[in-house]
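Trainee: Quick note, the sequences are listed as chains A and B, same order. To convert, note that position 52 of the first sequence is 52 in our numbering; the numbers rise steadily by one, no gaps. To convert, note that position 388 of the second sequence is 388 in our numbering; the numbers rise steadily by one, no gaps.
By construction, these hints were calculated from the structure, which means they are not laboratory data. Check each hint, because a few of them may be wrong.
[As the list claims (entries may be wrong)] Quick partial rundown of chain B residues pointing at chain A, CB under 10 Å, derived from the structure: (1) Leu11; (2) Gly126; (3) Trp129; (4) Thr148; (5) Leu152; (6) Ala167; (7) Ile174; (8) Leu175; (9) Pro186; (10) Ala190; (11) Thr206.
Using N, Cα and C, we set each Cβ at its ideal position, and we do this for glycine too.
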Amino acid sequence: MINLLASILLLLAFAMLSQRRIKSLIKLFIVQGMTLVANTVVIASTTSQTHLYYSALLTFALKVVILPWILLRMIRRLNVEWDVETLINIPSTMLVGIAIVIVSFNLALPISQLAGTVAKSTIGIAMACVLLSLLMMITRSKAISQVIGFLSMENGLFFAATSTTYGMPMAVELGVALDVLVGVLILGVFFFQIREKFESLDLKHLEKVKEE
Amino acid sequence: MIEAILIFPLLGGTVLAVWGHRSWAPELNSLVSFCTLSAAVLLASKVLLHGPMSALHEQFFVDSFNVFLMVLTAFVAFTTTLFSRPYMRNEEALSGLSNYQMRLYHSMYQVFCFTMLLALLTNNLGILWVAMEGATLATVLLVSLYRTKASLEAAWKYFILCGVGIAQALFGTILIYFAAEKVLGPGGTALLWTHLDVAKGSLEPTVLSIAFVFLLVGYGTKVGLVPLHSWLPDAHAEGPTPVSAVLSGLLLNVALYAVVRCKILVAGALHSHFADDLLIGFGLVTVLVAAFLLWKQKDIKRLFGYSSIEHMGLMTFAFGIGANFAGLLHMTVHSLTKSAIFFAVGHAAQRSGTQTIEAIKGLIKTPAVGWGLMLGAIAILGMPPSGVFTSEFLILTRAMSTHPWATPILLVALGVAFTAIFGKVQSMVWGESEGRALPHAPAFSPIVLHLALVLLLGLYIPQYLARWYSEAARLMGGS
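Excised from the complex, chain A in its bound form (with noise of 0.2 Å):
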C-alpha cells in the first residue's frame, strides 16, 4: 500500500513536469497532496504513531484545501485560468528527470538501509520527488508554475520526513508550514505587482537586472 503510493507521487512529479496548462498543474497539486495525506494515514494506522493524524490533518487543510483555493483564486483574478505555457523539448526534461531518479535511489540507499520504518524503501522516491521538482522550477518560465515546483518540492520533503522518521516533531511542521502559508502569500502580492509592472507574468521578461 504505502509502496502503491509512493510510486503514484513519482508518477504524479513526471505528470506535473510534463503538464502545461496552468490550471491542471495546480489539479495535479491538489491530487499531490491527497497521496500524500493518505500515505500519512497509512502509515499512521499501520505503526501506530498518532502524531501523524495529527500531520496528515494539518496536509490536508493546507495542501489541499487552503493552497489549492489561494492558487485557484489567483489565476482567475489574474486572467491566467487558461493560459498554455509553451515547454520546450519535454522528451529531453523527461530523460534528465528519469537520470535524476536513478541517482536519488543510489543516494538514498545508505539512508534506507539504516531506516527502521516501514516506509524506509520509498525515501529514494522521497529525494526524487524533491529533485524533481528542482528541475520542474528550472524549466518554467512563468511565475506561478515556479511556485507550484516549489510547493511541490515541499511536499517531497514532507514525504520524505514521513517515510523516513515517521514526521518531524509537531512544533517543527507547524512552523513549517506557517512558512509556507505565509510564502504563498506573500508570493500573490508578488505576482499582482510582477504583472503591474511588467504586463506580463513570464520571466523572461525579468532577466534584464544586471550582471554589469
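With chain A held as given, fit chain B onto it using these hints.
Mentor: Relative to chain A, chain B alone:
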C-alpha cells in the same frame, strides 16, 4: 529573560504594522530595538556571571557561542534604527513612499529582528530552520519596497533562490533528526542542539555527512557562498539602505552561525576532515571570485554587497581551518564595519540621487558621510589598527601554519579587493560636490559608534569577550 528579548520585537512589529506611518513611528522603532538591546545586554551579563543557561524546557539556550552574537545582533539592529530615522524620512520626502509602505517597512524590520534573535537563541534545529525561512519572508517584502522593476526582480530572485536553498537545509535537518532519533529516541529532544552535542559521537557518520552537504548548500545560499551568491548583490542594491545594512550585518552572520552549529555536530560524528574541507573549499572560492567581481561593479551598494560575500567567504575559510577565534572576531568586526559603511552609503546615494559610482562625487562636503565612507572602507580593507586587521592577520597566520598553500590565494584576493574598493571610494569621496541638500540631517552617531568599536577591538579585546570567543572556539574543536 530570553522571552523578553523575543517578545519586544514581536510586539513592536505588531504595533508598527498599525501605526508604522505616523510621524513618531521611527522613534518607536528605535525604542523597541533599544528595549531588545537592553534585555540582550542584561541576559549577557547573567551568562557572564552564571555561565550558559537554558529556558522553557530547554527550547531556548544561551552559551558562549550565541551570547555575543545575540548582543551584536541586538546592537546593530538598534543602531540601524537610529540611522533609519533620518534616512527613511528623507526617502519619504524624496521618493514619496506611501503610508502603507512605511507601515510595511517598520513592521517587517521588527519581524526580521525577531526571526534573527529566534534563530540565534533556539536550541531546536527545526525551529532554527523555521526562523531562517521567516527571515527570508520578512526581508523579501523589504527588498521590493520601492516596487520598481529592478527591485521586484531582485526580490523574486532572492525569494526563489533562498527558498530552494533553504528547502535543501530542511532535508539536511530531517536527516539529522533521522540519525539522532536512533540514539536519543523519538520526540522533541532529538532535535535539541545541546542533546545532539552530547550524543554527537554516536550519530551515524554516513547519514550526517550527506546531511551536512544539504545543510551547507541550504544555509550557504543565505551566507552568500559562491556559486549560490547571485541573490545577494541584487537584494543589497535594490532594497532601502537600512535593509542592506541589516542583511550584511545580521542575516549573513546568523546564516553562518547555523552552518557552524551543524558543522560542530557533523565533525563530532565523522572523525574526519570532511566538513572542514568543504568549508575551506567553499570559503576560498568565495573569497577569490568575489574579490575579482568587485572590479566590475558600477553600483555603490552592489560593490559593498560583493565585499560582504568576500568577507563571508573568509570567515567560512577560517572556520574550516580551525581558526575559530579569528573567525568569530571577524564576524563581529565585519558586521559592525559593513553596517557603518552602509549607513554612509545610504546618505551618499540620497545626496547624489543615484547609486552609480561614477556619478557620486565630493562626499567630503558632508563630512559625516564622506569621512564615514572613507574610514569605513579603510577599516573593512583590513588596514591596521582596525579590528578587521587583527582578525585577518590571525586567519592568515593560522593558514600559514596549517594550510600554507592557501595563503597566497588569500593574499591575492585581499590585494585585489583592496585596490578595487579603495580606488572607487577615493573617487567618490574627493572632488567637487554636485549633491543636493537633504531635508533631514544624516545620522552621524551610529557611524562613529560602530567605527570606534571596530577600532577598539583592533587595539584591545575585553577579557570577557575574549573568554567567550575562546570557549566558543573550543566548542567548535579548535582554538
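Trainee: The structure should be examined with respect to each hint, and the outcome stated for every one.
Mentor: Comparing the hints with the structure gives:
no.	hint	in the structure
1	Leu11	18 Å, violated
2	Gly126	3 Å, holds
3	Trp129	7 Å, holds
4	Thr148	8 Å, holds
5	Leu152	6 Å, holds
6	Ala167	5 Å, holds
7	Ile174	5 Å, holds
8	Leu175	7 Å, holds
9	Pro186	7 Å, holds
10	Ala190	8 Å, holds
11	Thr206	5 Å, holds
Hint check: a violation occurs at hint 1 only; the rest are consistent with the structure.
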